[in-house]
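Asker: If you want the building blocks of each chain, they are given just below.
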Amino acid sequence: MSVNNFKKYLFDEKVRSLFFQTLVIGIFAVIIYLVTKQTAYNLDKRGIGTGFGFLKIATGYDISISLIPYTSDDTHLRAYFVGLINTLLISICGCFLATILGFFVGIIRLSSNWLFRNIAYVYVEFTRNVPVLLQIILYYTILLYLPKIKDAIILFDTFYLTNRGLFSPSPIFKEGFSIVLFSFFASIFFAFLIKYFFKKKQEKTGKQYPVFYINSALIIFIPIIFYFLMGMPLDFNHPVLKGFNFKGGMVIRPEFIGMLLGLSIYTAAFISETVRSGIISVSKGQREASQALGLKSNLIMRLIIIPQALRVIIPPLTSQYLNLTKNSSLGIAIGYADLVHGFGGISLNQTGKAIEIMFMVMSTYLTISLLISFFMNLYNKSVQFKGNA
Amino acid sequence: MIITNSNLKIHNYYKWLQRNLFSSWINSFLTIIALIFLYKVGTFFLNWTFFEADFRYNFQGDLITDRILCSKNIVPGEYGACWAIIFVRWDQFIYGFYPTEELWRVNLTFALLPLAIVGVLFDKIPFRKYFIYFTFIFPFFAYYMLYGGPGFTVVDTNKWGGLLVTLFLGVTGIALAFPLSVFLALGRRSKMPIIKSICIMFIEFIRGVPLITLLFTANVMLPLFLPDGVSPDNLLRALVAVTLFQSAYMAEAIRGGLQAIPKGQLEAAQSLGLGYWQTNRKIILPQALKIAIPPIVNTCIGLFKDTSLVLIIGLFDLLGIGRAALADMTWTKLYYEVYVFISIVFFIFCFGMSRYSLYLEKKLKTDNS
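For the protein sequence lines, the chains are S and C, in the order given. Here the working numbering is used: the first residue of the first sequence is 24, the next is one more, and so on. Here the working numbering is used: the first residue of the second sequence is 10, the next is one more, and so on.
Treat the hints with caution; some may be incorrect.
Unchecked claim - If you want the footprint, here are the derived chain S segments under chain C, 3+ residues with CB under 8 Å:
| no. | stretch |
| --- | --- |
| 1 | 42-49 |
| 2 | 159-166 |
Claimed, not checked - As a list, the in silico DMTMM-like pairs of lysine to aspartate or glutamate whose alpha-carbon atoms are at most 25 Å apart:
| no. | chain 1 | residue 1 | chain 2 | residue 2 |
| --- | --- | --- | --- | --- |
| 3 | C | 81 | C | 61 |
| 4 | C | 272 | S | 35 |
| 5 | C | 291 | S | 35 |
| 6 | C | 49 | S | 148 |
| 7 | C | 205 | S | 35 |
| 8 | C | 372 | S | 296 |
| 9 | S | 37 | C | 276 |
| 10 | C | 168 | C | 110 |
| 11 | S | 404 | C | 110 |
| 12 | C | 138 | C | 370 |
| 13 | C | 81 | C | 71 |
| 14 | C | 272 | C | 370 |
Quick caveat, the hints were computed from the structure, so don't treat them as lab data. Even for Gly, the Cβ is constructed at its ideal location relative to N, Cα and C.
Isolated chain S, as found in the complex (with noise of 0.2 Å):
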């Protein structure tokens, strides 16, 4: 081979290309090796085994909030579900909660009124220059010096407020409760049909019926009129105090309030700036556009501003969401059960299978994070722009 022909190869990208790779390959197959060896020479020294036999075995540990039931006899496994589901309840109450309160910011924002335009300011940077921990941590303490449970607040006759937690009364469902539920679903599907067929009959003869109007009635009074049919299946058991603690009812715990006011209060702030943007965003153009048609100030709301809005606020509320899933992984620092603080904390050190379960956990909130990707991008393609326009 001659000079010319190695200088050839030498800066041929495809050749390069190779080179490099293989050599990041070999690198990296040199790193894991090394790194398994040394792993498992660590984990025989220590007397820790491998493998995920231990999930069979019973946890040993309680766990305060859980939505199935579970006792300290129960498995490892099934603490992972209980604190998965607890992950799943938090973050889905709280990018309710949050949504909620982000868009009622960011429009308040935008708002004519000096004073309330700069409240809200001021609450967006107080709230998202704060760290979500200590915010947390902060809400919390706040509910732990709640009046006992003996001076309790009291809250529309109903729920009691307490440092123990929000006791209200939990529903009973008699016989025949089924069907108001199933009325409920039914009446939905009907408003569905009725609006399609009331959109066809308004393309065809240009005249607006007050759709909106007949399917609220629809959905609010259909199932009313059925509980009443089947004798009014619904029951409450009110808490009740007796001697130290309340009897009857359900407890919403502190741990779950704390956690909800942390991460909703510091991710409505970062909503509410992406929902102002979004607003922000519309040029004023279409507002004037709709005026001039002689839409209703709601209406150019609900079907100009809001529709082109939407396709600015989805990408970031999309990672607002998965940020807001994440953070309730903080829960472990005031005693939320969540997947990190029983499964991740308590389960790892009585087992000491470190490498299995922070897999577990961390393969956990990978598909979690891909799934609430995956979801918000199949709204967000409902959204954009249709056709090639």
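Starting from the known structure of chain S, fit chain C onto it as the hints suggest.
Answerer: Relative to the frame of chain S, chain C by itself:
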């Protein structure tokens, strides 16, 4: 009536009020409600923070050394905050358990930190070149000062705490993550499929899991991965996790900047005969990083707030040291004072950074159009 200057001004104020606060009946009503709300919250907060609060001495004039000496604990319901806990534990809040006779070393480092940063932040300062040189010397200087070495006693990192740890993790994490994130961002746009997929996997993995799991992993698993002798201390483990975390987010910000550069720039550079590294270093990155600075600063704000998570793996950052202070029987139950103080410290840093990011955005806008 003759319209004088002052008349005009009053007229303008009046107009402003009418337009912004009392434009309609509903608006006026809302304004009044907001005023009442502000008055209630404002008086409560001012009273609690200043007028009814204790600073170093209580209402009887005694120096407060214990929470039972706080005015609010002597006369319940009459007094506000008791800031004595901050004054008494000031050194811990700032330095942690750093030995008292060595505190000047931390102070010197703190004092020189702005000089090391200013050259990076602003491009129109005199002698910028020398400031940048200093930026590169500073990490070694800071390490030598804070940790110790020949001539100075070694202060082990488990004695570090408070604002020192928060700033250390924040500043070092950002500084180390920056070069890493540039490589990740370039790698993600590379034409080599293996390098590209490694970068994508790394970035998406880090962004998909909470920081706390990375901290746990670094804390529990780093000792398992490494040979016996080289077990890094807790602060270093946290730093590894924080750096990797930050680099993934920063890489995405930089990728946004890279995507904004028109393809013509790349092609022009290549047609001039520049190689890959030369193209990136001289043509692409200077432009891309400039565009990417505001989002980079936003990730830095996020990281700075997230350093508070290290308290969960047992480090005493600002929030951790605050909780340690509250666990002390002499000061227990002064929660709000401690948390409000820490919030204000974080707020000052993060708000400052966000203002800087806004300033840059404005500057970039005028530069380009």
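Asker: Evaluate each hint against the coordinates.
Answerer: Checked hints:
1. 42-49: holds (count 4)
2. 159-166: Answer holds; 3 residues pass the 8 Å Cβ test.
3. C/81 with C/61: Holds, at roughly 9 Å.
4. C/272 with S/35: holds, 22 Å
5. C/291 with S/35: Holds: residue 291 of chain C and residue 35 of chain S sit about 22 Å apart, inside 25 Å.
6. C/49 with S/148: holds, 20 Å
7. C/205 with S/35: holds, 19 Å
8. C/372 with S/296: Given that 25 Å is the threshold and the Cα spacing comes to 21 Å, the pair holds.
9. S/37 with C/276: Holds: residue 37 of chain S and residue 276 of chain C sit about 19 Å apart, inside 25 Å.
10. C/168 with C/110: holds, 13 Å
11. S/404 with C/110: Measuring from Cα to Cα gives roughly 62 Å; hence the hint is violated.
12. C/138 with C/370: holds, 23 Å
13. C/81 with C/71: At roughly 13 Å apart (the allowed maximum being 25 Å), residue 71 of chain C and residue 81 of chain C satisfy the hint.
14. C/272 with C/370: holds, 23 Å
In summary, the one numbered hint that this structure violates is 11.
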